[in-house]
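Given the structure of chain A, go ahead and fit chain B onto it with the hints provided.
Chains A and B are the protein sequences, given in the same order.
Numbering-wise, this note's numbering puts 1541 at position 186 of the first sequence, and it's gapless, one number per residue.
Numbering-wise, this note's numbering puts 788 at position 758 of the second sequence, and it's gapless, one number per residue.
Simulated from the structure, these hints should not be mistaken for laboratory data.
Quick caveat: nothing in here was measured; it's all calculated off a predicted structure.
By construction, the Cβ of each residue, glycine as well, lies at the ideal position given by its N, Cα and C atoms.
One side only, chain A facing chain B, incomplete, derived with CB under 8 Å:
| id | residue |
| --- | --- |
| 1 | Ala-1369 |
| 2 | Arg-1371 |
| 3 | Gln-1374 |
| 4 | Met-1414 |
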Amino acid sequence: MPKAFLVDTTRCTACRGCQLACKEWHDLPANATKQRGSHQNPPDLNPNNLKIVRFNERMTKEGVVVWNFFPDQCRHCVTPVCVDVADMAVPGAMIKDKKTGAVLATEKSAKLSPGDAKAVAEACPYNIPRIDPKTKRITKCDMCFDRVSAGMQPICVKTCPTGTMVFGEREEILAVAQKRLAVAKERFPKAHLVDMEDVSVIYLLAEEKEHYYEYAGFM
Amino acid sequence: MTNHWIDIKNSDAVLIIGSNAAEHHPVAFKWVMRAKENGAVLMHVDPKFSRTSARCDFHVPLRSGTDIPFLGGMINYILEKELFFKEYVFNYTNFAFVVGKDYEFNDGLFSGYDPKTRKYDQSKWAFEKGPDGGPVIDETLKNERCVFNLMKKHYSRYTLKTVSDVTGVSAENLLRVYDAFCATGKPDKAGTIMYALGWTQHTVGVQNIRASSLIQLLLGNIGIAGGGINALRGEPNVQGSTDHGLLYSSLPGYHNLPVSTWQTLADYNKANTPVTTLKNSANWWSNRPKYVASLLKGWYGDAATPENDFCYEYLPKLEPGEDCSYMYVMDKMYHGKIKGGFIFGVNPMNSFSNTNKMRAALDKLDWLVCSELHNSETTDNWQRPGVDPKTKKTEVFLLPSAHRIEKAGTISNSGRWLQWFDKAVEPGGQARNFADIFVPLINKIRDLYRKEGGTLPDPLLKMHWTEKFEPEEWTRRINGFFWADTKVGDKEYKRGQLVPAFAQLKDDGSTSSLNWVYAGSFTEEAGNKSKKRDASQTPMQANIGLFPNWSWCWPVNRRVLYNRASVDLNGKPFNPKRAVIEWDGSKWIGDVPDGPWPPMADKEMGKLPFIMTKDGYAQFYGTGRLDGPFPEHYEPAETPLDSHPFSKQLSSPVYKFHTSDMDQMAKAADPNYPYVLTTYSLTEHWCGGGETRNVPNLLETEPQLYIEMSHELAKEKGINNGDGVIVESARGRVEAIAMVTVRIRPFTVMGKTVHLVGMPFAYGWTTPKCGDSTNRLTVGAYDPNTTIPESKACLVNLRKADKLTEIA
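Isolated chain A (complex conformation):
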């Protein structure tokens, strides 16, 4: 049975517990960062940060401040383009696990030529894959494949204190998503679920996706 996540951004407080837990579980070292005038740090996904919370603030025409939080990660697409593109160069570099639906970059991804690796990354509609300059491997969220295979929740979901993130069987999560959407619509008429049919990580946004992040949604 494929799995799915719901990321209900109307509940997210950007505590970054998920961002930190991801690093801790995957034993990834800290980057040397700088304050650049934003709370979003590191500024982007990188081989040491497979998940980051993106911050987007603006003042509306009505003078209301809106601060949106977007915990960004691989969507584990139902039909992953990255796998197709990688297969053309190095079969098995990117795979989709049938059981969980996890899209994984394998050791073979290091064998992709720089051009092919770039093509894989650029094929992603959500701007997720990053290439590790040291190992040459493609790096991205692995759905905590080890944890999920052992019957546990991904560490980001386990860590989330506000119920923003929910993980489970796809059918169950789709139902939860619809329920949450109905609740969110009471306060946010433009609330919607992003690319629900095509992804395993379904975002519930309160307003148009461009107010979160350029690559928040594809459709």
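Leaving out everything else, chain B in the frame of chain A:
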């Protein structure tokens, strides 16, 4: 908290003011979200739009230091529109008490003010006394000196116009909050107020909180599910350490520290034990002598006897009015009057206001002992930037400290729950927890006294002490023991057995308890209740998220304080849908009630709900605070204004301050320091960051000191997002990175534009290139009641930096 975290979900209106709850209580914040899910309106009133604001229905920007006008306006609104809960106000508050003729309020000053000492004679504010010495109560309110009439008059000055002028909040935004929150003045509605250091760190900190209690009492929101005034405590165990008398001015269990005029225990008890004339007042503090005797018995054991006042004479005694809070200790140190000492569990060289003075003060020490996980700005003070270590004489002993997870014990959470935690791992290397440092140290001193004698050995030698620290043994001692065989009801207790509750504590030396509020937490019958993790509950308890068998809560496992105010005179809940307690005709069901007595309709046995006040009524007007019986607006000690609409008294007439050469202050509306600075912490760092800056993954997320400012101010100053900035106050200079944001906006105050900037205080020089203490800017002006510095509001100037030396 009067209530507890889960209970927040029962609220219809959540007002977060003086707190950044989502950032500082990220896990517990889920209960706020639960309230929202249940349909509550969430409001955040704060100078800056934060991650808390992002999850609220709306955010209202408030100029830092103007909470009292904001709340005073709400009090006026409630009174003018008669939105208060009449049955509650009428039966449970001192609204009809008559105030004595000496009380006056003129142009910002209450009666009894002495400008030379900057102190009030609080006796001028006393209530009128009847022939029996008790209060004069006029429920007709014909007497113009009734509390209700005085309150109405006092707050009639807090109009939408005056409040808006001084706070910088538009009238529209004021009404938005007032309407939403005052809708809870109905019997079946609940509103909660959540605050934290955003209220306490002001020269009017205590009165900020007092103002909230006036509102919550008017609306009938105290004692009910989803109501209350909820101080958010946290990981540093503020609740537990306050309960146990960490502050110099109190003994464990909220008893005053003795002063020199109370030489005997009888003197002490007489001065600290209130007497009521009202039959239906429980006057709980009339029990104080039992608790103090039991505390002394706990400290001195068999050496404490009725004949020797239970060793009361061994307690240190302050001179009346003497202030030994940390700011005064540091001032003494600065003046060379302290030779050495211990600094544990705090990093003053980063976290205390006016840090440059603190650092200079620490230089005066001959010796210093610290226990830390990491080197800190305090442990390494003598080698701070710009200082030649050779010129500093202090000998520093740095003891390696165990981490929280390397020890066992209890923490008391915001909701007063006593929760046991186990040791997860052994401390690394030679690290020890504080108790394993202190206990052997005290034993060494005891040995020296025994061998060599010395001045006043008895306070140490006669202690009921221990050779080795065992955390659970102290949990037992805190609960307390019988020191003589005793019969309680049908049950017999032997000497050495645990007391079952504080009702059994005596003033004759037959019981001990190191803290009466915790008596009942560890019993012969149920063991260590802080270890309880049983989610069972009755349907009535389940309805409001009350888990009586999960941990234990002081007092006597009462989860909602003042819960007798949630029911009418017959013991029936004002809101049956969210009942906390109910009288079933013979007993109370639900939560543990505030005392066993029947409802007030029983004229013989019934008691008033506010059992900790002398006369049983909640106090709109109170004589106990040093700065006035009603909260009144005063500007911060450093203010961008030279006048305000409420009185000619610009700042608090009684706030405390120091006068050394390093205690400089900007003058009112100082053109050299035109901007308001407020300071805070953030989710990713813990307090001053002494621990978290040493966790690389946390530092990755928030690596360097920043200053949040509006686009308008940035434009005015030619500063771009990410630029280096120099910030200066009358006391210091700090470098930071500009974070130019819509989340801070200019205020229009008294017709002029006032810019506010905000900075975290989590950065210090021992973490390379991250910046240094923001508190070098903050002011040495303190609340008169608590001596907490006004770190939330001071004045600064700023400019774009040509180059940075503290940040790279």
